[in-house]
Structure formats: C-alpha cells, structure tokens
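*Asks:* Residue numbers (the UniProt record's numbering), protein chains in the order written: chain S, 1 to 263; chain H, 1 to 237.
No wet-lab data here; the hints were simulated from the structure. Wrong hints could be hidden among the right ones.
Just so you have them, the derived chain S footprint on chain H, three or more residues with Cβ under 8 Å [what the hints assert, rightly or not]: (1) 79-86; (2) 104-110; (3) 152-166.
All C-beta atoms, glycine included, are put in the ideal place defined by N, C-alpha and C.
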Amino acid sequence: MNAYWYCLHGIVLREWLRFVMQRSRFLSALVRPLLWLLVFAAGFRAALGIAIIAPYDTYITYETYIVPGLACMILLFNGMQGSLSMVYDREMGSMRVLLTSPLPRTFLLAAKLLATALISLLQVYAFLAIAWVYGVQPPAWGLLAALPALLLVALLLSALGLLLSNGIRQLENFAGVMNFVIFPLFFLSSALYPLWKMREASEWLYWLCALNPFSHAVELVRYALYLRLNPSALLVCLGFTLLFALLAVLTFNPQHAALRKAG
Amino acid sequence: MSALAVQGLSFAYGPRQALDGLAFELTAGHFGALLGPNGAGKSTLIALLTRLYDLQQGDIQVFGHSLRREPRQALRQLGVVFQQSTLDLDLSVQQNLAYHAALHGLSSRDARARIDQELERQALSERRHDKVRTLNGGHRRRVEIARALLHQPRLLLLDEASAGLDPSSRQALNRHVRHLCRDQGLSVLWTTHLLDEIEPADDLLILNHSRLVAQGQARDFGDDLAASFARLTAPCA
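Using the sequences and the hints given, assemble the complete structure.
*Replies:* Here it is, written out as structure tokens:
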C-alpha cells in the first residue's frame, strides 16, 4: 500500500514542480477570469439585473453572480490544459516513464488526474482571494465548503480532458478540440447568465444549457460557496465524473496512437 | 537462467507487420546487442518489452516473470533508457530521479539513498541540483541510466541510447554500460544500428524486416561483421 502512496506523492509533487516552474501558466490562468470579472462583469452590471435566485437570499451584483462560473472556468481550462500536457507527454515520450511503473495503469492515470485537479484548486483559491478583495465576498465558511465541490468539478473536467486526449492523434489537432469543447461548454451554461434568462431568449438554448454538465458543475460550486447543497447538481457531477473517468481509462492506450498513425 | 525470454512474438500496426514470430533468449549477466537497420522493428520490440504496447501474440518473460501474466513482477526487474530523451528538462537531475523512484514505489528515504548511490556511480553527484536543460547530451544519457537503475533492476534495456551523441560520448556511454554489465552482473540489451558498438563477445541478435534473421555470439559472424550484416539485411535476404 505504501508503494501507491509514494507513487501518488511523486506524481503530485512533479505536477507541483512543473506548475512552479511555469509561472506564466499560473498568471494566464488568473488573468482570464480576472478580465471577465473586472472588465466584462463591470460593463454588464448595469445592463444585467439579477433577480433573487437560489442560493442567494437577496439581490446580488453581476460580479457576485459570475464568480462561481469563473472559478469553474479556471478548472475547465486547466482540465483541458492537463490533457494537452498528456498529448505532449505522449509525443515527447515522458508518458513512457509513467507507464514503465510496475503499478497498475488505472492507478497511474487516476493519480495523474488527481494531481492536475489539486494544482487547479490552488489557482481557483488565488482567484477567489482576489475576488474577495474586489468585493465579492461569499461567507467565509463557504470558501471551505466549496472545496469538495471544486475538487469534484476539477476531477470531472480533468477526466473529460483525458478522455478527449485519448482521441487526439497529435498536438496540433488539440487546438480545434479546445474550440469545440471549451467554448460551447462555457457559454452554453449558467456560468455567465442564469438559466431563466436564457429561457427568455430561447427555449432550445435553455435546454442545451440545462443539459450541459458544466452548468451543474457551476451550480454545485455556487451553492457550496453559499453553504447550500444542490443534490441534483451533485448527482450529475458525480455521475459524469465516473463516466468520463471510466471511459478515459478504458480508451487509454498509447498503442492506439501508433496504430492510427500507421493506419 | 534467462534474463529475457521472447517466445513467438508478433505485432502488427493494422495491416503492417512490425514483428513476426520473434523468439530468442538473453542469458543473465550477458551483454546482448540487438542490431537492425532503421524500421526493422527494434523500437516496437522495446515498446512491447516495456509494456507500452499490449502483447498481441507470443509472450515475453523477464527473469521468469511473464509480461502477460505477471506484468508488475516483470517490470520491477526492468530498467529502460529510451531512444528519445524522457527527462523533464525544467526539473533538476535530482527531481527527475526522485519522480522515477516514486513511480517505482520507493519511499523518500530509500529514494535519497539510491539517488546518492547512482549519481556517485555515474560521476554526476555534483550536477544533482542542475536543471537537466543545462546538461550536455552525454550527461543527460548518464542521468537516464542512473534513473533506469534506481529501482535496482536486473535487466537494462537501452533503445539506441547512443543516438544523437558525438563519437566520443557514444564510445564513453558504450564503455560505461559494459562496465555495469561486467562489474555489477547486470544483464543488458543494447539496441543499435551502428556496428562499431558491438564487441566480439556480445550476444548478437540481428533483426530485419520484422524477423530475427540471425543470432549468436558476434565473433561467430566472422571477422567482417559489416559484410555479414549487409548480407543478412540485404533487401532480398
């Protein structure tokens, strides 16, 4: 059992060291949501009034509304970036080092997912700290209550990223997938607008948003930040995390890439 | 005892056969050289030996442990240096080695002791805190050998490990691995397409067009190994 622990520790430590080495990655992960919060939300504040909706007890500013969505946006980008690093590792051969470990491949992949998720959480909390200073202040205990929700969402999106990377032949193809995955997931969700607003605009857009697992991820985090549990969002997130992780492990096979290249 | 036993090994990339009915054994403590032109199937064999690819047909045993039935025990016996460098350039030598030790389930204390020992053996102790990016090609290869030996494997696989090195680094690396084989009793499988890396006492395997076309001691191939190799790997051979 100790061998598993040492291995997990080693994989998380490596992700941490790579993260520390790549400070620009940390900054860009923060700049993106901060632009949305400080520029986009400020501009939209006057145009977009938010009625009292759960889990909020009162009227809120637009900035307050979009902070959970932006926290999830960090996790979304990091999940996809994590899978980009899997494609990179596969191309550069460092994935080979991971796979020559005598420990089971499923464990190695799960450890890699967890390591990516933990690093993402650091960035989310850095963002929440800046948002706090800016004036978006959920209950202090909410920041703690949101931790398991954020971890689950990070795992969900990392598993999705890994699943996508399994289908990608080489690094260049990944950019296209990013555009076809990140943007639809983010914009067709409750991250930027409440779903009732979407319903006013279009019934089918509303249903697309309501069926999007990322909407449930955002709502899970939003409720947790305000010390409430959203059971349906929790179930959807748990279900999709298990589904994506299972599919990712089942479809993970480095020789598939070689076979596709040969074919 | 056999360090490595390959039986009826075949592998295909879709319609293209990469290995066809390979069978050979490498005696424990010997230096085995796997020779073959580019595209002969050497890298595919290494990918199968290291479980990167799943076996399609046949079996591989490492010190009696079947890669198909006991992959964990087999992989524990195996150290690998891949053709392409797999070191993380932004991490230090020590950090790279510690990562590998963790992947093999070594505790931090054991890992530190093994890293000290291997770096000393490779004469790299003073470079332990240097980023890999700052090392030259020869030193990077030595770090990879140190890394491959951290978990004390009994069989070391080197897939064209000398590729990309200048002639003197290439010779130094070859000499170094031979020392490890002679002094530590390590079994070695060294794949290459360069004939000057072979010595008369080596167990030689020649691979061509996905088949093993010859095997035996290198001295058995006569004084002119180059001519024998050319004959065995000629397009119509």
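*Asks:* Against which earlier hints does the structure fall short, listed by number upward?
*Replies:* Violated hint (a single one): 3; every other hint is consistent with the structure.
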